[in-house]
Amino acid sequence: MKLKRRTFIQLAAATLGAFGLRAEAKPFFLERRRPWYRGEVTTLPSTCDQCFWKCSILVRVEGGRVRKLEGHPENPRTRGRLCPRGQGGLGQLYDPDRLKYPLLRTGERGEGKFKKASWEEALDFIAERMLALKERYGPETIAFFTHGGGESWFSEYLAAAWGSPNVAKPAVSVCVAPRETASQWTFGRPVGGHAPVDWTNARYIVLIGHHIGEDTHNTQLQDFAQALRRGAKLVVVDPRLSTAAAKAHRWLAIKPGTDLALLLAWIHVLIKEDLYDADYVARYTTGFEALRAHVEPFTPEWAAEITEIPADTIRQVARELGAHRPRAVLPPSRHTVWYGDDTQRMRALFILNALLGNYGREGGFYLAKAPYLEKYPHPPFPLEPAAGGCGGASAGKEEVPEGFRPRADKGKFFAKSTAIQELIEPMLTGEPYPIKGLFAYGTNLFAAIPNVPRTKKALEALELFVAVDVLPQEYTLWADVVLPDATYLERYDDLIAIAYKDPLIQLRQPAVEPLWEARPAWWIARELGIRLGLSRFFPWKDVEEYLEARLSAIGQSLEALKEKGFIQQRGRPWLSSWERWRQNPFKTPSGKIELYSETFAEAGLDPLPRYTPHPEPPPGHYRLLYGRSPVHSFSKTQNNWILLEMDPENEVWIHPDEAERLGVETGQYVWLENPDGVREGPVRVWVTRRIRRDCVYLVHGFGHRAPGLRLARGRGASDTALQTRYDLDPISGGAGLRNNFVRLVPGAPRPQHPPIGRLARERRL
Amino acid sequence: MARYAMAIDLEACVGCAACAVACVTENQVPPGVTRLWIREIEEEGPSRPQVEFRPEQCYHCENPPCVPVCPTGATYQRQDGLVLLNPTKCIACGACVVACPYDSRFLHPDGHVDKCTFCAHRLEAGRDPACVETCPTGARVFGDLEDEEGRLRAALASARRVDVRKPHLGTEPRLFYLNAPRATGLGGEE
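Chains as they are written, first to last, in the working numbering: chain U, 246 to 1010; chain Y, 21 to 210.
Derived by calculation from the structure, the hints in this document are not laboratory data. Cβ atoms here follow ideal geometry from the backbone N, Cα and C, with glycine treated the same way. Just so you know, not all the hints are guaranteed correct.
Here are some chain Y residues pointing at chain U (derived, C-beta under 7 angstroms) [unchecked claim]:
no.	residue
1	A38
2	G65
3	P69
Covered by chain U, according to a simulated footprint, are these stretches of chain Y (three or more residues, beta-carbon under 8 angstroms) [to be verified]:
no.	stretch
4	29-35
5	45-55
6	156-168
Chain Y residues, not near chain U, derived (Cβ > 12 angstroms throughout) [what the hints assert, rightly or not]:
no.	residue
7	M21
8	A22
9	Y24
10	R98
11	E153
12	R181
13	H188
14	A203
Next comes chain U alone, as it looks inside the complex (with noise of 0.2 angstroms):
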């Protein structure tokens, strides 16, 4: 039995002796602190960043302080509601752990010396050193690596106006990027950022390898609530009983790496068996003869051997789904980034769909549309670089203008977006050219990409490392300057674009002033950009101004968005309202769902999915599962001490039988080891049947080692460090990281932490 927020209430009962506190006499008019309600609360509507779902927020302000985040009740993706990291923003606000001042080094790279700076001092010192190195190597030797709600204004912004093509984002090769380019190759739209599935109105879901419930997106959560209340029936496969699996009707506990198998299987079933929408396939899809020669040997008996999961089961499920078509989806799960076939995974499972007939139908999936907006009219930016996004660009041809090179990673990959991980290696061999400088924004680099002594090294070598952070991260520790970025509820952002079945422009504003002396990306960025002689791409003064001159080309008024918080237009969910419009939406070479891709073909690479075994874990290791807590954003959270009394530290879950062989109990801490040597924990184990016996099981983002971190600190391990190799999607360019496998060391100490309660003392609310 676990508790969050955790056992002292037992502890409280057992040892009243406790209560001796008592003894110090609370005289009995002890004046009560005024509850933050019975004062003068102002709200105002702003747009959480706790994660990306981006989720519209009512900001409850008394005594000049943020008191309570409540879901906008107006806003149709989030109705009133908000998931625990969003009820919990205000922790990582007023967190007296954050960033306070400009930083310059004065030690060693990853010595965390640091001597406070002036804003003026730190800003001029990172435009004399970008400048000195475009003069030696060009603009593209400096790298943009962002993650989080100010990020465009580096990324999409000052990376554009300076001239670098080499920005990159983990959101992408470290998660969606497979997702995006099989959906842009399939159906010629991308997934997005807000999974495009009309949940509500499904009959029969499947999912795979999708946490929803443990990753707390609002409105998907909520959605997928409401379609259970509903009777919708619920398939789950994972090698784990995962908090989704919990809530299934089946749980298909499939040998992990084995899902293309299962997904060929299937189709096979629904063709086999004329189960799939032949009028659908017909009107909308290419491809289908050769699709169906290619799949007559993928029985579910010939999936069964690989998957582990038994023949009368696969077919019982394909039945189930024809039955239920066009109201039987398998939405897409987020992070794809597994095995490195994972652009082919997500083809079958786009194909197995399309077969369904569900692609723009209700219960299905609906097609999303971005807002209609305008670009701030500054000068044309020398360059587009394609960072990507959760929604971004995903496919097409790499135009390089005159003058500038093409983007460091390799270059090779069907996605237009750059791939994070490809561009460490050229900062160690400068090949294709070198890269000698890095601009991070938010993103924690040792919890985000893999192979981290290979970051780390890559570091060293930088000649100019810059981190923009709210807290004191790992990976600052290794910059040159270090600057204090604002929190949400700080600062504004630029106009945040929602594709979503009626699309919807949010705003994020500040509803308080930046405490200490932290800064907003947009200013950060414009006071860089004046100093590094590209003052033309600026003309707007101050933030509030851009904002309304994007607004106002479309009718709009910053005024008016500051009051309501959103401003939601018209979309065109469905392809009968498509239809209607004589329009098509399938923006694929040939116009149709694509089953079969000619142009992989073309390019070499399976034009249909095919299986490829994965490495087996070697004896004694289990193959390195990694998922979500409901309560924490990848490694941003661990430090808010509301969210992390809810859930402290990770565990390591293992199969009782394994146990029992290693001799370990839950409650016991080990170590985790991986075949490169690298050693992680001390972790606790977890005990569990919800868990197959050739893998374990771990949360992201625990593990934090980063001294300033004086709440996270030490508590947990980090799957990222034990993620020394990944695989490399050739045509996503992402990195599968399921391919890492890890021992049990038992007789690893238990940490010794203070009470949470006690750390936090000063951190009351």
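Start from chain U and add chain Y according to the hints.
Same frame as chain U, now just chain Y:
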């Protein structure tokens, strides 16, 4: 007179703790103590492990054992059923903490006992408790038990099964758990 109560649909709850976090900020609950927490109970099921995510808090019992033991009258039960505590009267003797069979009470660092109030201050303003309002899965329903047409009664009526914790104690909790995953009711100690 209203009789306030809450229901939590265990079939919908994913244990995300949005309720618990909302409670902390709404009520400025200090670090180290809690009014609301999630218990995750894992048991063998017929074909696979069964997992129950169960938020726990004060149950605002019909027969609250915490009230009669309070020597100063700080803990009291309102007409509408809310079991509340007046911190200025509380001498932090801990009697109610011991008396509560659900461990729902704790000593607040300001020197008084504290626990869930069903967000009485929000009810005044006609709003749901913070935990109910934010719950992403809509697992929580708050309402008036006397209101036969109300959403609470509707939720109770449509549930496959309704449980309370430790029913044998006769406390008559006014927080109902709906649709426990285990066929025989709540998991864990019951």
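Hint by hint, here is what the structure shows:
no.: 1; hint: A38; in the structure: 4 angstroms, holds
no.: 2; hint: G65; in the structure: 10 angstroms, violated
no.: 3; hint: P69; in the structure: 5 angstroms, holds
no.: 4; hint: 29-35; in the structure: holds (count 4)
no.: 5; hint: 45-55; in the structure: holds (count 10)
no.: 6; hint: 156-168; in the structure: holds (count 4)
no.: 7; hint: M21; in the structure: 25 angstroms, holds
no.: 8; hint: A22; in the structure: 21 angstroms, holds
no.: 9; hint: Y24; in the structure: 19 angstroms, holds
no.: 10; hint: R98; in the structure: 18 angstroms, holds
no.: 11; hint: E153; in the structure: 6 angstroms, violated
no.: 12; hint: R181; in the structure: 16 angstroms, holds
no.: 13; hint: H188; in the structure: 19 angstroms, holds
no.: 14; hint: A203; in the structure: 15 angstroms, holds
In the structure shown, a violation is registered for the earlier hints numbered 2 and 11, in ascending order.
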